[in-house]
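Take 1 as the starting number for the sequence shown in our numbering and just add one per residue.
Derived from the structure by calculation, the hints contain no laboratory data.
Note that CB positions come from ideal geometry on N, CA and C, so glycine has one too.
Below, in silico cross-link-like pairs of lysine to any residue (SDA-like), each with a Cα-Cα straight-line distance of 20 Å or less: (1) Lys95 to Leu84; (2) Lys47 to Gly8; (3) Lys12 to Asn67; (4) Lys12 to Glu63; (5) Lys74 to Val50.
Distance ranges between label pairs, derived from CB positions: (6) Tyr73 to Glu94: 21 to 29 Å; (7) Leu17 to Leu84: 29 to 37 Å; (8) Tyr59 to Glu107: 16 to 24 Å; (9) Gly42 to Ser18: 15 to 23 Å; (10) Gly28 to Arg88: 18 to 26 Å; (11) Gly42 to Glu106: 38 to 46 Å; (12) Phe34 to Ser9: 20 to 28 Å; (13) Glu13 to Phe78: 30 to 38 Å; (14) Tyr96 to Leu71: 29 to 37 Å; (15) Phe78 to Ala110: 41 to 49 Å; (16) Tyr59 to Phe34: 17 to 25 Å; (17) Val108 to Asp46: 31 to 39 Å; (18) Leu71 to Glu105: 30 to 38 Å.
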Amino acid sequence: MQFIALYGSSLKERSKLSDIDLAVYFDGTREERFYFRAIASGELSDKFDVQIFQDLPLYMRGEVVKNGKLLHYKDYDFLFDVCLETIRAYEGFEKYLKLYYSSLEEEVSAGS
1 MQFIALYGSS LKERSKLSDI DLAVYFDGTR EERFYFRAIA SGELSDKFDV QIFQDLPLYM
61 RGEVVKNGKL LHYKDYDFLF DVCLETIRAY EGFEKYLKLY YSSLEEEVSA GS
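Between the sequences and the hints, there should be enough to build the whole structure, so can you do that?
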């Protein structure tokens, strides 16, 4: 594991029904990451939602980097590089995401 970050609703409003979202950067093949996540999810209570950072969609990785709380990291330089790479990719993607959300809002408004 390179790092673990807390993200999502667990950082904002908490209720008894809230789960705890964890993003874990796990070194390994896609198959090894799948098994790691399955084992971690089985070992932890249902209150925890464990996701593999590099398997998350870009907008979620951007959310983890932008608003997440780092709980553990192994190598600062590695962490820095992953965050920088995510920010750069997200910046290029963000304008298209905003355009998509804008078109959805227009469709909803037109349907009302």
